[in-house]
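J.: Order-wise, the sequence lines are chains A and B.
FYI, the numbering for the first sequence is 1 to 343, going by the numbering used here.
FYI, the numbering for the second sequence is 1 to 179, going by the numbering used here.
Note that these hints are calculated values from the structure, not bench results.
It is possible that some hints are incorrect.
Unchecked claim - Interface residues of chain B toward chain A, partial, derived using beta-carbon atoms under 7 Å:
#, residue
1, Ile27
2, Val28
3, Gly30
4, Thr34
5, Lys42
6, Val43
7, Thr44
8, Met144
9, Ser145
Predicted, not measured: the structure shown is a model, and the values here were computed from it.
Glycine residues also receive a C-beta, built at the ideal position from the N, C-alpha and C atoms.
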Amino acid sequence: MILDIAFIIYKLILIAIIFGISLFIAMYATLAERKIAGFMQDRHGPNRAGPFGMLQPLADGVKLFFKEEIIPGDANKKLFILGPCIAMITACMTSAVIPWGTTLEIGNKSLPLVVTDLNIGILYVFGVVSLGVYGIMFGGWASNNKFSLLGAIRASSQMISYEIAMGFAIISLLLVTGSLSLKEIVEGQANSHWNIVYQPLGFLIFIICVFAETNRTPFDLPECETELVGGYHTEYSSMKLGFYLFSEYINMFVASAVMSTLYFGGYHLPFISSLNLPHNLIAMIGVAALFIKIFLFMFFFMWVRWTIPRFRYDQLMNLGWKILIPLSILNLLITGLVILLVK
Amino acid sequence: MEPLTSRAQIIEKKKMNIWERMYLPAIVGGMAITIKHLFKKKVTVKYPEQKREFSKVWRGQHVLKRDDNGAERCTACGLCALACPAEAITMDAAERKPSEKNLYREEKYAARYEIDMLRCIFCGLCEDACPKEAIFLRDDKIVMSEFGRKPFVYGKDILVEPMDPTKRIDISARQKKTF
Chain A
1 MILDIAFIIY KLILIAIIFG ISLFIAMYAT LAERKIAGFM QDRHGPNRAG
51 PFGMLQPLAD GVKLFFKEEI IPGDANKKLF ILGPCIAMIT ACMTSAVIPW
101 GTTLEIGNKS LPLVVTDLNI GILYVFGVVS LGVYGIMFGG WASNNKFSLL
151 GAIRASSQMI SYEIAMGFAI ISLLLVTGSL SLKEIVEGQA NSHWNIVYQP
201 LGFLIFIICV FAETNRTPFD LPECETELVG GYHTEYSSMK LGFYLFSEYI
251 NMFVASAVMS TLYFGGYHLP FISSLNLPHN LIAMIGVAAL FIKIFLFMFF
301 FMWVRWTIPR FRYDQLMNLG WKILIPLSIL NLLITGLVIL LVK
Chain B
1 MEPLTSRAQI IEKKKMNIWE RMYLPAIVGG MAITIKHLFK KKVTVKYPEQ
51 KREFSKVWRG QHVLKRDDNG AERCTACGLC ALACPAEAIT MDAAERKPSE
101 KNLYREEKYA ARYEIDMLRC IFCGLCEDAC PKEAIFLRDD KIVMSEFGRK
151 PFVYGKDILV EPMDPTKRID ISARQKKTF
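Pulled out of the complex, with its shape left as it was, chain B reads as follows:
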């Protein structure tokens, strides 16, 4: 039959010679290889004592950022929830009271902001959609395992970064513009 391509290789089925039919020389050769591997360096990374390096733009857990005065940037506009392909983000908006001027940047803020980490696929589309540069994906924290489904719905207590100026989370590798 005509070969279909010009790259076809003809394979000959050769009979084994006396050394190959004895099996033993091949077995001894194989065992030499295996014993060499016994003494080579192992490629295992012993997690959690050793960890692998993440890249600078790796997408980890979300963080809701504050501005330089400590006010939350998120205005509960809902663009992140709209952009999310897994429909993981839900939020309720509320109006800012006069006494809370230093807590929130604009008059509308998110009273409840929840991301269901089991639905989230860590694509970063919410970060791209946000007009206030409020939500980012960190490059240093993984979402850890939990027992049950409820603990995986992260609320504002876990997602908003601390007020303390020294404890802010650095996401400068992911920022495209600054206000």
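This is chain A alone, in the form it adopts within the complex:
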């Protein structure tokens, strides 16, 4: 890799664009969540702040900005401020390895639409998501508040438990695709060989674990309002709270991107290569296709949230350890067996 200025500038621009897009999408995901929640409950969501409530996220941002920043007296100041920072950083870091499209050909240069194509891509995502647990734990511990601590403990144990099953699902996927790099996983799904066909059980396990990792209903015990006041973000106000809430939506966005990359073909559309279109246009259509898949997944997240009641803590742990891990090991066995028989 040549470390010339053009390369660095291109990567910086791509990082800035991806960061901006993920923040923008997370912002409007808050509005989409409330609108979809409203429509599913036979009411309109927010529709006063602009046409169809389009300016509502802006109003929310301004409101959060103007609130008073309170740090509780006995709180651990460094950790209190560090918690939301870590949550936000790990949420944004994951988006670095996702392949957003094939390559753009400008002039005689071929520019890949991925910030960094690590050859251990999915393992990196896994590692960063594990780091994300720290954000919640710091918040819960540093608040010096029993409810926050309970919320943080529940959150961390939930996230750790479901990472194991997620890892096994990824191992089964690795058996099928032969590479950890996300770009190669997507390239292996060209021509309608989407991985969902090869790994249906793996996908089911993966999606349940992703619900648990992003703390979405039905696994949102850490932050539910009815049981723990606010959970780990009880004591937070203004921008730090904004960071926590925002990082949840960015996590949701990145998790949807990872799922559509791993199982649903990433930026490939079924019959796009049979039409003879210019290369850049195919790349753009691929990016659009990936975003449509991501939006469908985010809609699915929200759909599930407003349908299912949340799990009790012991039911949650039961599901994670006693049901999902054996199921994912079974999936691994079946995958290995089938590959052995096919070869």
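Chain A is already provided as a structure; the job is to place chain B on it using the hints.
T.: Same frame as chain A, now just chain B:
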């Protein structure tokens, strides 16, 4: 233990069958219901663009009526203030001068008549108590929100209906007898 009534229902705690224990079929069924609601008609009334209908005898803001000649009917007798359960009405009486014969029906009139809308509970007892059919509750006007407490004390300038015969307020649905 003996059931206390004959309507008692015995509830059996059945174990879940394999489909229920899997959770997924129930989840899918629930999600089908939710997605159906996404496309149904919303029940929201988009106030203030759309308003709900009030009934004909709905009790809204008060109005002090005039008679056909334009003279105020209220004689400051104080029966409405006495009847009011929230003690919202206060008034000062004054004597009518000879030059004001067309303004007030009788020799005594209310120089200051105030209703504290924050105390008022819109029960309509003042309307029932008035012997001159002077005070009524309108069915077309709500008491709007204000900043602070002072603007909520409505005086005669807000409560008395206009002199213009075309602008009189129709409360015929609430009138029980006519003079």
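J.: Now look at each hint and say whether the structure bears it out.
T.: Status of each hint after checking the structure:
no. : hint   : result
1   : Ile27  : holds (6 Å)
2   : Val28  : violated (10 Å)
3   : Gly30  : holds (5 Å)
4   : Thr34  : holds (5 Å)
5   : Lys42  : holds (6 Å)
6   : Val43  : holds (5 Å)
7   : Thr44  : holds (5 Å)
8   : Met144 : violated (18 Å)
9   : Ser145 : violated (16 Å)
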